[in-house]
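Colleague: Since chain A is already given, all that's left is putting chain B on it; use the hints.
Protein sequence lines, in the order shown, are assigned to chains A and B. Per the working numbering, the very first residue in the first sequence carries number 1; after that it's consecutive. Per the working numbering, the very first residue in the second sequence carries number 1; after that it's consecutive.
Honestly, I wouldn't trust all of these hints.
If chains are identical, the list can't say which one is meant, so a pair holds when it fits in one copy or spans any two.
[Stated by the list, open to error] In silico DSSO-like links for lysine-lysine, alpha-carbon gap of 27 Å or less: (1) K110 / K72; (2) K194 / K181; (3) K144 / K181; (4) K181 / K67; (5) K181 / K110; (6) K86 / K34; (7) K187 / K67; (8) K181 / K72.
Derived from the structure by calculation, the hints contain no laboratory data.
Residue-level listing of the chains:
2 protein chains.
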Amino acid sequence: MGGDFAPEAAVKGAVMALDAIAPESRIVLFGDEKQIRDILAAEGCPADRFDIVPTTEVIEMGDHPAKAFQSKTDSSIVVGFGYLAKGAIDGFASAGSTGAMMVGSMYAVKPIEGVIRPTISSLIPTIAGRPALLLDVGLNVDCKPEVLAQYGLIGSVYAESVLGIERPRVAVLNIGEEEAKGNAQSKATHELLKAESRINFVGNVEGSHIFSGKVADVIVCDGFVGNTVLKMAEGLYRINRATGVENAFWDAMNYENIGGTPVLGVNAPVIIGHGCSSPKAICSMIRSTEQCIRAGFTERLRCAFKE
Amino acid sequence: MGGDFAPEAAVKGAVMALDAIAPESRIVLFGDEKQIRDILAAEGCPADRFDIVPTTEVIEMGDHPAKAFQSKTDSSIVVGFGYLAKGAIDGFASAGSTGAMMVGSMYAVKPIEGVIRPTISSLIPTIAGRPALLLDVGLNVDCKPEVLAQYGLIGSVYAESVLGIERPRVAVLNIGEEEAKGNAQSKATHELLKAESRINFVGNVEGSHIFSGKVADVIVCDGFVGNTVLKMAEGLYRINRATGVENAFWDAMNYENIGGTPVLGVNAPVIIGHGCSSPKAICSMIRSTEQCIRAGFTERLRCAFKE
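Isolated chain A, as found in the complex:
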């Protein structure tokens, strides 16, 4: 149980998710057992619809992620990653400490062999109707072109397997459509992706087409730029909310509908939720974790990196 409104929001979101996932999928809750059972009772939901793994500690937002991960061994994040690493669960999602979630991803489930640097990604809505995948959105802010080129492959496998997009169009975020445009990093990345035969590389995508859906299904960028894009979209979403703008496109921009931030390139599905996750956001996050599992994403990614 993690997040600013844990455990209430997390448990309520899990209850909502029961109807959103396949009947044969099982949700495992890690957290304070009494609190979980009390909230389930208040929600009128039988506790046996979940597996409950009791934990006693909490990694706080102020804790040093790596230290907390080592010392708070009975926290929901550490116990959850233990279950994930040994295969007792198939995927793990939390709205708790992002830092601790990354520590768990890197040291408990570990990067897939061949992946230079795992990445965090985000689905972004487009007016074309289907979402695009943006990566990296803030983990690696000084990326070498080789790392960005791998993101093209990782994103392509995700878009194909989890989002069901056939031959997803992969593009480099850049300041112009022409091949020669860009900074040193984007130009070198363009060259590497052009030579990558396993993906459908379509060239550069400009900022103006991130949300149009006309150019790309997978948008590769440095974490500095991706984080700016994502936060700028959030800021404009908030401005629109405050000024009464409402429509399907902007509604899809609501973090509650995004389904969290998948950590890609590690040996199991891990999804990080917004700290302020509402029950609806938790439900979306559980749903996208299930999609990732059912798509066999991790295994497909491992295969791609073995080729």
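Modeller: Relative to chain A, chain B alone:
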């Protein structure tokens, strides 16, 4: 006369601008004299309200900027920059070839002594009501921290003198508010700006606050990031237009109201318009050129770099 719809849009915009600028300001039109006079006649505007400098050549969008600047010596851009360099006009604006405008800025009016790299900037609307200045927006896409730090000073002088903002808040665009956040470039820039006593440095600004106006009046970033921000805003503006969203905030995002892209750090006011500029956009551009001149921006910037 430059731009996709030249000379019609340019002349019509100049006619509109007559009412938008001070009565003692004088607009000089560079271009095909007959065409200009014909359009003015059709608009019912006496030709003597302008100075007309006849030119016979046109730098096309497909021309190599530097070569065209050398060979097409009787084009409106080259003649205009000649007038600007010798002080026969006080500022120069065109919606023609961006490349040729940059060549003119760098080689005809030249960078101000002490400025490592001039920059192109853009006003961006905020919901706080007053605009913020974003720089660089695409000229320098691999900036050293020393260059970005100078942009802080350049932007501050612009915001104070041209926009009339007292002690403008200068911030570095970054992925977190905390000082230690960012990539190598933004962290080093933060350090340099912190030590710059001539500006009101307020720290980092995240993507979520670019358009809120809550944090900064001057936002410093690499041209790669700034270009992405600007184009993403344009893309979202277009999506909003297509989906019927309309309000004052988004209307201010319309390039027609922005007033072009000031080139900052050179020895005279130069403003580059959107290639597709409408008469309204040309009018805004002329107006912001006049503001730049009346504010004595160039002289103030020269002073700042002498200190």
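Colleague: Next step is simple, just say for each hint if it's right about the structure.
Modeller: Here's how the hints hold up against the structure:
1. K110 / K72: Classified as within; 19 Å inside a copy, 61 Å across copies.
2. K194 / K181: Intra 15 Å, inter 32 Å, cutoff 27 Å: intra-copy only.
3. K144 / K181: both (18 Å within a copy, 19 Å between copies)
4. K181 / K67: Between copies only: 19 Å across chains, 43 Å inside a chain, cut-off 27 Å.
5. K181 / K110: For K181 and K110, only the inter-copy Cα distance (24 Å) is at most 27 Å; the intra-copy one is 36 Å.
6. K86 / K34: Answer is within: at 26 Å inside a copy they meet the 27 Å cutoff, but 82 Å across does not.
7. K187 / K67: Between copies only: 25 Å across chains, 39 Å inside a chain, cut-off 27 Å.
8. K181 / K72: between (48 Å within a copy, 26 Å between copies)
The structure fails none of the hints (numbered hints given earlier).
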